[in-house]
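**Q** Residue-level listing of the chains:
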Amino acid sequence: MHEEIGGHALWHVPVLGTLHSDTILTTWLVMLVTLPFFAWVGASYHSAFINKRQTILEGLINYVADLANGTIGPKGEPFVPFFIALGVFIFVLNEFGTFPFKAFGLPFGGSPTADLNTAVAYAVMIFVVIQVSGIRKDGFAFYKHLLGPFWPHGQPLGKSILIGICNVPLVMINVLEEVLRPTTLAARLFFNIFVGELLLYVIVEIITAQIKIGSFDLSMAAAVMPFFLEIFNFLVGLLQAFVFVLLSIVYLSLALADEH
Amino acid sequence: MSPQVIIAAVGALGFALITACFAIGTTIGDGLVSARAVEAIARQPEAQPNIMQFLIIGVGFVEANAFIALGLGLYLFFGVAEVPKVMTALLAAAGH
Chain A
5 MHEEIGGHAL
15 WHVPVLGTLH
25 SDTILTTWLV
35 MLVTLPFFAW
45 VGASYHSAFI
55 NKRQTILEGL
65 INYVADLANG
75 TIGPKGEPFV
85 PFFIALGVFI
95 FVLNEFGTFP
105 FKAFGLPFGG
115 SPTADLNTAV
125 AYAVMIFVVI
135 QVSGIRKDGF
145 AFYKHLLGPF
155 WPHGQPLGKS
165 ILIGICNVPL
175 VMINVLEEVL
185 RPTTLAARLF
195 FNIFVGELLL
205 YVIVEIITAQ
215 IKIGSFDLSM
225 AAAVMPFFLE
235 IFNFLVGLLQ
245 AFVFVLLSIV
255 YLSLALADEH
Chain B
17 MSPQVIIAAV
27 GALGFALITA
37 CFAIGTTIGD
47 GLVSARAVEA
57 IARQPEAQPN
67 IMQFLIIGVG
77 FVEANAFIAL
87 GLGLYLFFGV
97 AEVPKVMTAL
107 LAAAGH
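From first to last, the protein sequence lines are chains A and B. Heads up: take any position in the first sequence, counting from 1, add 4, and you land on our numbering. Heads up: take any position in the second sequence, counting from 1, add 16, and you land on our numbering.
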């Protein structure tokens, strides 16, 4: 079966336009797998004792909770379930591309995070969470941090105006930083997963080209590579899910930090 | 020379440049991270698990940029310049 690079099966929906049907179907499938699993684990939390079901995820939950509490402080407590759900969901989405559903002609398969739309959606979600929680904390005084790092503290009027003028070029950099954070978050996740699949594509190209250099069969030698690439992709998917959550926590902690 | 051939040649050259640059940069970054981790472990061997965790996170950050560069480079190679297609056409025209 011939695969286009970055090609997707499409749905043409009247109002929404063209949709990537394989990405949507795979995300729904992952939701179908993970939601009952977490409901099953969560149902065991009614008793006061730790039972076998809870120990499956207790280490992960403790780790993320410690990370959020240590970075954000006590205010990070309400965000812990959000970050755990985000991390686990992105991890499962990353690793779902390992299963060869598409090769059997099924309409779903591949990593949904290898589609820029998925990665951008999560980054936009993080952006919205940061803005909303910042506004809930300070009101619209939250956007004071865009106006620059220097503030006049009781200086004479001329010096205060000078400080204000010095801040003007920094305002643009601050706004740019605010927008670039979710952009790099999305780009990091998307490109890591996408290039993992692209490297497999390149290996397939080398194998099908049947390159021979003298008596050395390069295509035969390249046929070993997918095995190691899959292991590498698994580790990269785990690492990128973790890095996504870690960076989200760090950005949220910057928004929720107290002025001093 | 047709425009496609020139674009393919420049695209191949650009892909080589991108690959070389991100290889150099990522290697330096990985080396710095690993060197500091080894120094830290030599100073405090009992803190090794903690340091290893931060080493892996740091390497993850450095490698992510290399993947972004590789993705854009492969897009240039296969998508924009279409080097394999042009090369096949050239070889066919030369009678191979």
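Heads up, some of the hints might be wrong.
[To be verified] Computed Cβ-Cβ distance ranges for the label pairs, DEER-style: (1) B:Ile40 with A:Pro173: 25 to 35 Å; (2) B:Gly41 with A:Ala107: 32 to 42 Å; (3) B:Gly41 with A:Trp32: 38 to 48 Å; (4) B:Pro100 with A:Leu150: 24 to 34 Å; (5) B:Ala51 with A:Pro153: 28 to 38 Å; (6) B:Gly41 with A:Val172: 45 to 55 Å; (7) A:Gly77 with B:Arg52: 19 to 29 Å.
[Stated by the list, open to error] A few chain B residues facing chain A, derived, Cβ under 8 Å: (8) Phe70; (9) Ile72; (10) Gly74; (11) Gly76; (12) Phe83; (13) Ile84; (14) Leu86; (15) Leu92; (16) Val102; (17) Ala105.
Please keep in mind that the hints were generated in silico from the structure rather than gathered at the bench. Each residue gets a CB set at the ideal place from its N, CA and C atoms; glycine is no exception.
**Q** Can you give the numbers of the hints that this structure goes against, from lowest to highest?
**A** Numbers 4, 6, 8, 10, 15, 16 and 17, in rising order.
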